[in-house]
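Going down the list, the protein sequences come from chains A and B. Residue numbers for the first sequence follow my numbering, so the first one is 1 and each next one is one higher. Residue numbers for the second sequence follow my numbering, so the first one is 1 and each next one is one higher.
Be aware that a few hints might be false.
[Unchecked claim] Derived list of chain B stretches under chain A, where covered just means 3 residues or more per stretch with a C-beta under 8 angstroms from a C-beta of chain A:
1. 115 to 123
2. 143 to 154
3. 210 to 224
4. 293 to 306
[Said to hold, decoys possible] Below 20 angstroms or equal to it, Euclidean Cα-Cα: the simulated EDC-like pairs (lysine to aspartate or glutamate) are:
5. B/K234 x A/E154
6. B/K331 x B/D246
7. B/K229 x A/E154
8. B/K385 x B/E336
9. A/K5 x B/E384
Derived from the structure by calculation, the hints contain no laboratory data. We put the beta carbon where it would ideally sit given N, CA and C, even for glycine.
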Amino acid sequence: MTNAKDEILSRIRAALGSDAGSAAAGPAGSAGSAGSTAAPTVVPREYRSAGEHAPGSDVVLELLVDRLEDYKAHVHRTTAAGLPGVLAQVLAERSAERQEIGSSDYRSPDILPTTHAPRRAVVVPHGLDASWLSALDDADVRTDSRDAPLSAAELDEIDAVVTAARVAVAETGTIVLDGEPDQGRRAISLVPDVHVCVVRTDQVVQTVPEAVRLLGAEPGRPLTWISGPSATSDIELERVEGVHGPRTLHVVLVS
Amino acid sequence: MSTFLGMPAARDSRGSGPDAAPGTLSGVGRPEDPLHWGASFPDAAKAALDNGQLRRNLGKATSTIRTKRARVVGEVPDWEALRDAGSAVKTDVMARLPELLEELERNVTARGGVVHWARDAAEANRIVADLVRAKETDEVVKVKSMATQEIGLNEALAEEGIAAVETDLAELIVQLADDMPSHILVPAIHRNRTEIRDIFLERMADAPPDLTDVPRELAMAARAHLRRKFLSAKVAISGANFAVADTGTLVVVESEGNGRMCLTMPETLITVMGIEKLIPTFDDLEVFLQLLPRSSTGERMNPYTSMWTGVTPGDGPQEFHLVLLDNGRTKVLADEAGRAALHCIRCSACLNVCPVYERVGGHAYGSVYPGPIGAILTPQLTGEKSDLPYASTLCGACYEVCPVKIDIPSILVELRAREVALSGASPETADRVWKAAMKAASFAMADGARFRRAARVPRLLRAISRNGVIRRLPFPGSLWTRSRDLPEPPKQTFHDWWDAREDGR
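With the rest of the complex left out, here is chain A:
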């Protein structure tokens, strides 16, 4: 029996006939070069490669806020100096909500059936700017890193996560994390129920192609594109926000 790879590749070459002549005959380096009868496909790229507005401009920021709110994310705007206060307030309000609900009713959008007591813990990636958390007084802050990761069970007991971001796309209301030390392992922004994501205004681009180009500089990083909280429309197409991923997304825009 020939091996599957060789057979599939030879089936493809046979299927393409003369189109793939060069790819079949030549070594990898010369594939698609002279000898092929097929003209190379020219990809027309008439689409917008960038928006008409500069990254971080007012129009772009307003667009991002509009899109994020449309997908039920909570948006806060502040300055670098105001950031610790905003983070402290968002997390404190969250904590108060938990105290208030207090039960383990699975119907509550904010409580898991497994919850026994309100959880106050916050996880942050080890590379997060420590000054951001300087206004948090009584929260239980845990640090996670690739070298010293929290277990899945530990993360499941943590209520909120605070991360930075790599880039945001205004037109689609998207934030992208790339796993660098200020954003952390993918698991920490997934398991906790609340994600507080800090985005600098100069990280906000208008269009998807601008973001892809930026991310393309380091394409090997694990990337997570986030557009609002998790959601499903699987039951009679009625949108339910908050399924397996964080059920609440706060975006703090820092200028």
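Using the hints provided, position chain B relative to the given structure of chain A.
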């Protein structure tokens, strides 16, 4: 050559049909062949059309998604340019498939992944089962994936004693009900909330006993049910929306976070992907990440998109396997006229605009790939004789919404022509009859009195009609009635009616 544009009459059935009426808990069952199950399309369509509830559900669902899609596509000033680019990128991928696949393999391997090649469903299932067994686990979590449905992976794993848990909400509903998906994007579209509550109550051990049918509560019950599995699973299985040849990056687009859970939490990740899912460069994502969400869910962007390249030490699965699947794709590729079906990015926009799909639903197609794209892809993948190319009015709406501009109507016509060539009735016969009929019509129409007499002839057919419909005519009329019913001719010709009216004045 004339092309037969009708739909064949109901003929040999393939066993029991997808006729489990909504309202009953259990679905249509898991078929042996996910690309070919249930009754023939004409039979299944007829049964579906008799189901008023199903038609109402489908009508509401498809029109809702259509409206959402139209709104967000309308927002994009360069939509047509994106479609042109998407189409050309896919054409380029098919022309360079061998070199791009090898490039992908090199890059995935360089980043610590392991690439496997599978000629068919059995080989892919074998590879996955062996990988799971090596991890000494009997339960895996799964991200919704068309490729794994196509190869019947869950059933194959079950035979080996491995439970594959579907984690997408709709797929979970379908799996619990022992059903088949009826839509690529919203697989449980044929189920209403009450049925879903009943399915959960009966089939989900940890469902709260006082569960209501409010969608939020149902979703939260599913969240609770799956959470433990996500946090403890050793192995996850996914498909892929895209694979980037020049970086080895895999992409999964989703909404609920079940995808992120599967792609992030387990130690081992196995991804099964059709060989056509490639794109050449990372930058090409800028085209497809705009085309896919807007075409599919009608959102500007889906909630979550995950991209990973091999293994990232300390973050996510530390073992990654990529299974590259042929399973008939090279057969499709060999067909110059139908090859473009491989450009499909599984958005399902064509289902939502199709007047046939909207009325008969996904099960009637008897394949995991329903709707217009299923009507061209399924018969090409299987290489079997099929009714599916007739499951269309050729209205062209599918082509208009296709984000990668697959000319589905033209491919349907081509496939129909081949069906005719294969079947007994030769196109030459049809052609001769057509010419004779035209000649006769021309003779009759050339003279008023002659036409008046000729027009009265069809009245005789009233004798053989039942309930206003004639189902079968002798040759040459059979050329028509083997594909469609003929309405009962009126009692009176227009001429006679006109004369009577004049006389009455």
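Evaluated hints:
no.: 1; hint: 115 to 123; result: holds (count 5)
no.: 2; hint: 143 to 154; result: violated (count 0)
no.: 3; hint: 210 to 224; result: holds (count 10)
no.: 4; hint: 293 to 306; result: holds (count 10)
no.: 5; hint: B/K234 x A/E154; result: holds, 17 angstroms
no.: 6; hint: B/K331 x B/D246; result: violated, 26 angstroms
no.: 7; hint: B/K229 x A/E154; result: holds, 15 angstroms
no.: 8; hint: B/K385 x B/E336; result: holds, 18 angstroms
no.: 9; hint: A/K5 x B/E384; result: violated, 25 angstroms
Hint violations for this structure: numbers 2, 6, 9, all remaining hints satisfied.
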